[in-house]
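K.L.:
Using the hints, position chain B against chain A.
2 protein chains.
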Amino acid sequence: MDSDYGVPRELSEVQKTRTLYQPELPPCLQGTTVRVEYGDAAIAADPAGAHVISHAFPHTYGQPIAHFLRKTAVVPDAKVISEHPAVRVGIVFCGRQSPGGHNVVWGLYDAIKAHNQNSKLIGFLGGSDGLLAQKTLEITDEVLSSYKNQGGYDMLGRTKDQIRTTEQVNGAMASCQALKLDALVIIGGVTSNTDAAQLAETFAEAKCPTKVIGVPVTLNGDLKNQFVETTVGFDTICKVNSQLISNMCTDALSAEKYYYFIRLMGRKASHVALECALQSHPNMVILGEEVAASKLTIFDITKQICDAVQARAEKDKNHGVVLIPEGLVESIPELYALLQEIHGLHGKGVSIENISSQLSPWASALFEFLPPFIRKQLLLHPESDDSAQLSQIETEKLLAQLVETEMNRRLKEGTYKGKKFNAICHFFGYQARGALPSKFDCDYAYVLGHVCYHIMAAGLNGYMATVTNLKSPVNKWRCGAAPISSMMTVKRWSRGPSVAQIGKPAVHMASVDLKGKAYELLRQNSSSFLLEDIYRNPGPLQFEGPGADSKPISLCVEDQDYMGRIKKLQEYLEKVKSIVKPGCSQDILKAALSSMSSVTETLTIMSSSSAGQTQP
Amino acid sequence: MDSDYGVPRELSEVQKTRTLYQPELPPCLQGTTVRVEYGDAAIAADPAGAHVISHAFPHTYGQPIAHFLRKTAVVPDAKVISEHPAVRVGIVFCGRQSPGGHNVVWGLYDAIKAHNQNSKLIGFLGGSDGLLAQKTLEITDEVLSSYKNQGGYDMLGRTKDQIRTTEQVNGAMASCQALKLDALVIIGGVTSNTDAAQLAETFAEAKCPTKVIGVPVTLNGDLKNQFVETTVGFDTICKVNSQLISNMCTDALSAEKYYYFIRLMGRKASHVALECALQSHPNMVILGEEVAASKLTIFDITKQICDAVQARAEKDKNHGVVLIPEGLVESIPELYALLQEIHGLHGKGVSIENISSQLSPWASALFEFLPPFIRKQLLLHPESDDSAQLSQIETEKLLAQLVETEMNRRLKEGTYKGKKFNAICHFFGYQARGALPSKFDCDYAYVLGHVCYHIMAAGLNGYMATVTNLKSPVNKWRCGAAPISSMMTVKRWSRGPSVAQIGKPAVHMASVDLKGKAYELLRQNSSSFLLEDIYRNPGPLQFEGPGADSKPISLCVEDQDYMGRIKKLQEYLEKVKSIVKPGCSQDILKAALSSMSSVTETLTIMSSSSAGQTQP
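Chains as they are written, first to last, in the UniProt record's numbering: chain A, 1 to 616; chain B, 1 to 616.
If we strip away everything but chain A, and leave its shape as in the complex, we get (with noise of 0.2 angstroms):
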């Protein structure tokens, strides 16, 4: 099975060329000698579930956020890093492959070797799997020199997307005991991120000197809060996903006689489906969090469409795209409780042919409404996470075929005087997925690759790699780690009117936030996209000349840096420190006093009140 891994291969003229691409590196991270400057303890963001968090994770919750600094900063604490013994670092690939992902094992090697050459980094080969079964290959420049800046796993494969069981963690421990490993990195989404943060814990509970590190690699977008800005691979994806429905814009707007409702996959979250629609202006996309947060039933989103088909036609547009991402079953509430009923059979080990049979009645009833084909869907089992195989259920279909019929009963009674309603679907997912990198990705990949090492020259363990600021140029880019148990929330459930059950801390998906500058963008647009088929053609993922550094627009409008203004807040503190030192006049002393008594009530106030807010 792994004979083929790492080979070196054939490549197109475009890929030699990548494979060229010499990434650039920020200036903290240039030269051989990097400064590590410790932060304060990093908290969970909310507040209400930080006491599980801190009990679960003893030795790993509460640590420090770190920036890494040039040589050359002057900050008075911060300590450069000055020895580096020769290491073995292990990295492995978890869950679905993201483009951009072999450019953090690049990344990591140029790291490793720059500091000693008798290091060795050492990839596990097919994802978990390999990695439970010490099956490996050593990274060496002859194995990464067709894979930089290349899409796909390949160069190590994937197979299994968790590292949870008791069983499975301590077959994790025990490879990288046997291997020696100073270090292992894990390259994933949320899933993979806090299965490192629980690997990280349970390392250094038993004293297994191996320190384990998260980097944030997925196409969903979905792994975002207030230490990383977004994933490697999600610039790629909403590329080459927005070639493709521009292209399919295009189209529409030449034949003038189909609707395409084209499904994108983005997980549960919305982020994918989002930013194609900023980049390339469909005339609708319907977005799990608002259908979510409308409480939005099947019938009103198919009423929705139609109402936007029969405007489109009164002014002689019989044509239209519309974006679904492929969460957005799980978003309608009707649907996401059936959902739930299946799943809830399927763990009670009932058959798939006796589901049906066994549904309360509303369900019942909702389930024969439904196709054939999507009833044949939802009934899959569900996936290891317990969400639903979003990737097989044909939503788009779904609202195609609800739209068509009651499209057909307006023209039939009178009230829509426009041509028949023709849809065709499209699911956009596997075609994105093993993409050749943006020069974005091929960056951002490449940078945190290097910064897992200084993570770990640093000591430190159960962090994930971060690098902020990234909508600026990469000469602007800040580079640190924080504390994977710090992005961890505790999720409720209700059950009844006094008791709610609390989930395990995990790092869990981020959903598009709708009072975010991104959403307000698409919002301010959304009836011009509708009626005016401003169609916008990104044009396929270019590697040189214009449009080839261009970044995820909901990136770059989301004001963020949370990073860099965590720092900025640490200089100002200090720099009142130095101004009010003993000895300074007694007027500064009081203006100190009293706007800093000023500033902590105000923020006292604010904390509270948000410690008050329920976890969404």
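Honestly, I wouldn't trust all of these hints.
Each pair may be met inside one copy or between any two copies, as identical chains are not told apart.
Stated by the list, open to error - Below are the PhoX-like pairs computed for lysine-lysine, each with C-alpha atoms no more than 25 angstroms apart in a straight line:
1) Lys257 x Lys135
2) Lys412 x Lys397
3) Lys315 x Lys135
4) Lys16 x Lys551
5) Lys120 x Lys180
None of these hints come from the bench; they were simulated from the model. Quick caveat: nothing in here was measured; it's all calculated off a predicted structure.
P.N.:
Showing chain B alone in chain A's frame:
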């Protein structure tokens, strides 16, 4: 409906840069003076059909081919076209959109305006509908500004495919007369160019002064003959699809659990599938032409794929990519026969619900064997050219299902010992049709637009614009024109032992040549493609840097340049004439006679034997 045509629109950074790209002209078209040299009268490639064609096209068959040469070309008979009165030219998009179509309009516009600023180019809105209804838009610099080097046909739109009935032909003539057009340029594939030839003939017969000119533009790449090396759009479609196929290959190799079955748009011939296979090296491609030549049944094909899956599983490979041209279904003998019966019943007005009960016993048995989804698709009304609705028939799903059933059987029986077979199906068509055209398609279309002008200036009617020697750089391209009727063939069907039915002369789609070099290249590599996963990713379509100037592999390996050779032959004959002039030595004359006698004998024998062959 037409209010939005030709309006300026918001362009992305890549689109904007594309509007600034200025295609190069070959030397023969540079400057304002062009010479035209006439070759011999063009004859139909199928000598047996020549009589029928010449009978159907008395005014336009047998015209000479034309070469356009630079002013300074040393060709005694070439005529300089020196008069360039103000002209009025109409242009219309017919048939399905193909990337690059807009550049034909732009090239023609530039040529027209370069020769006389008072000339006008008039675009018909909404395709043939607009032609008949005289809905027009005058092409101006402003109209063109945001459509240069852009995909789609949305500058003018397109609707119906054909101009075929007497009413339509007369309507088109009335429009041309009312608008006082000196020429009508028809942009399209085999069907539209057949229509163009018919219009030209009718116009000549009716002494309508409008010259009709065809341009070979179709994504299918199936308008191919001795005069036409490839069509505008084919390169782009293959590049966009190959990128996606390659991404799927990388994805399959990374995940190691799926077989991707990918159906490709391209109508009945398999040119797109062949080119994409040469670009991206998938594990298998099933060409319709191979299936037809070997008379493979659906079960033969299923078995072939199953054996391949099994051979791969023995090498521990449980993933793969299989390409299927959309035309495959019509190449499988029993499915074709079934479709013919169904279309026959449609023709008799039998309703869809009643068709299955009126099938012959064997057709009915096959029909009942097929899964319900495909039955429904086979029952769809045929297209206007009597072929099945190929884009709607999910042959890839049918094959995936049959393969799954067979692999499960083998697994149960113990003859197959690999992992459970998992297929995911895709149809790649619409998402490529609206793509930004490749540099090659931009250049080719733009030059064809210029050639159209010179055809009109030379007063030619019923010609197709040709550009040959395309595999060489633009400065080696040859420009010319050939009568469309000489590209026609006549189909014959035997109906019983002595009755043969003869079709109307038409430009028929060219199949993949199973004796050609492109197919040979595929065959040479097919076993390594199948087993060794030597996937190759041509990458997303690039407009700058390496790869931007690449051309279709199938174009480059074929040893074409028919027009160039015809010219070369003419030069040899002239040379002989100039050497063997009255007054030359007896020896020279004798040598010339003896060698020409043997040449003519050889050619006579070759011609008579090829005339005896039946047409494909």
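K.L.:
Now tell me, hint by hint, if it's right for this structure.
P.N.:
Do the hints match the structure? See the list:
1. Lys257 x Lys135: between (54 angstroms within a copy, 19 angstroms between copies)
2. Lys412 x Lys397: Intra 22 angstroms, inter 34 angstroms, cutoff 25 angstroms: intra-copy only.
3. Lys315 x Lys135: For Lys315 and Lys135, only the inter-copy Cα distance (18 angstroms) is at most 25 angstroms; the intra-copy one is 62 angstroms.
4. Lys16 x Lys551: For Lys16 and Lys551, the Cα distance is within 25 angstroms both inside one copy (23 angstroms) and across copies (17 angstroms).
5. Lys120 x Lys180: within (11 angstroms within a copy, 79 angstroms between copies)
In summary, the structure agrees with every hint in the numbered list given earlier.
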